[in-house]
Amino acid sequence: MARRAAPEVNAGSMADIAFLLLIFFLVTTTIEVDSGIVSKLPPKNDDPENVPQVKEKNIFQVLVNKDNQLLVEEEPMDIKDLSAAAAKFIDNGGGEGKNGCAYCEGDRNPDSSDNPKKAIVSLVNDRQATYNYYITVTNELVKAYTTLRNRAAKQRYGESYESMYARFKDTQEADKETPEYLELEKKLEVIRELYPRNLSEAEPQQAG
Amino acid sequence: MSKFNKKKSGDLPPVSTASLPDIVFMLLFFFMVATVMRDDEMLVENQLPAANQVEKLEDKNKLVNIYIGKPSASYQKTFGTTDVVQLGDKISRVEEVYNYVNTKRTAMPENLQDQMMVSLKVDRNAKIGVLTDVKQELREAQALKITYTSNQGDPMNNLKRR
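Chains L and B, in that order, give the protein sequences. Heads up: the first sequence at position 128 corresponds to 128 in my numbering, and the numbers run straight through without jumps. Heads up: the second sequence at position 20 corresponds to 20 in my numbering, and the numbers run straight through without jumps.
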């Protein structure tokens, strides 16, 4: 007995089914944002007496008021100039002796910061300022550090900090033991050491 | 004679649609791979700002999301129009952040716990006040690694559109 051949399945509705699925996925999913400004909060300070003393000249004061206006070192400033002003302050290198800064290219103004390790950028926000403005200010301040790090990295290793960091982050899990990776990690550490990101946010004031 | 009538020069052959399913499937797979299902239903407005000093975030399993913003239109009757915090899929008080973060942390595999990162997704029109309170709570909870999640873009555009 010859078996009858199985009838061919009609695949004409395949496209319809696929379209249905496609539309479902289009509607239900959103591409998740997976980038952001990374920051680190200071650990909780239980002992308010034990606040490290910092010299006035080593602090770069940035105030944001409720109308989204900037006051930098007691002078109103446009946000476009913030990054450059911060970089100038950090890179000043006005210190002498062991506080000096051999790699700084700033003005060496004795009334500004001693060296990048001591320089602190302090950001104070009014509670009514908008997040929009806050993130822009933070972004500009981080940019100041990135510019300086890029410059230092280019001088030392001939590659910008950002591209080195991108390479570091893109390394596959399997390659994390190779000497190149460890060397890259060490280099990044050196640059970060030169220009540590001392971005401080004031303790919120108690209402009173 | 019929031999010659067979082909009429004006007749176009029909376009074959046999490859249509393949094309659609290709699109389907692209969308399936490229998109991630949102695990929290958004109860607050959440338009992220733009920034250009961004880094790529950690893996999703190390992230804890906290949303801040105005309640979205359908929830404004219940929660008002001031900025609120959304933890998981409900609107919560700021004091609950501490417990939420700690619960999330204990739920993580042990080797990832100290790599936990809090992703702050704040609406671009929110006020800083709530954010400051949340950050104080995070310090209490010892969750110090945070990130201000933002789109890649020119930050100056944030200031132009309101």
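It is possible that some hints are incorrect.
Said to hold, decoys possible - Now the stretches of chain B that chain L is said to cover, found in silico as 3 or more residues with beta-carbon under 8 Å:
| hint | region |
| --- | --- |
| 1 | 11-25 |
| 2 | 46-59 |
| 3 | 125-137 |
| 4 | 145-159 |
Unchecked claim - Listed below are the simulated BS3-like cross-link pairs for lysine-lysine, each with C-alpha atoms no more than 27 Å apart in a straight line:
| hint | chain 1 | residue 1 | chain 2 | residue 2 |
| --- | --- | --- | --- | --- |
| 5 | L | Lys187 | L | Lys169 |
| 6 | B | Lys62 | L | Lys143 |
| 7 | B | Lys77 | L | Lys40 |
In short, the hints are calculated from the structure, not lab data. No residue lacks a Cβ here, since even glycine has one placed at the ideal position from N, Cα and C.
Hints, verified against the model:
1. 11-25: holds (count 5)
2. 46-59: holds (count 9)
3. 125-137: holds (count 10)
4. 145-159: It holds: at least three residues are needed, and the region 145-159 of chain B offers 12 whose Cβ sits within less than 8 Å of chain L.
5. L:Lys187 / L:Lys169: Roughly 14 Å separates the two Cα atoms, so the pair holds.
6. B:Lys62 / L:Lys143: 26 Å, holds
7. B:Lys77 / L:Lys40: 36 Å, violated
Hint 7 alone, counting from the list given before, is not met by this structure.
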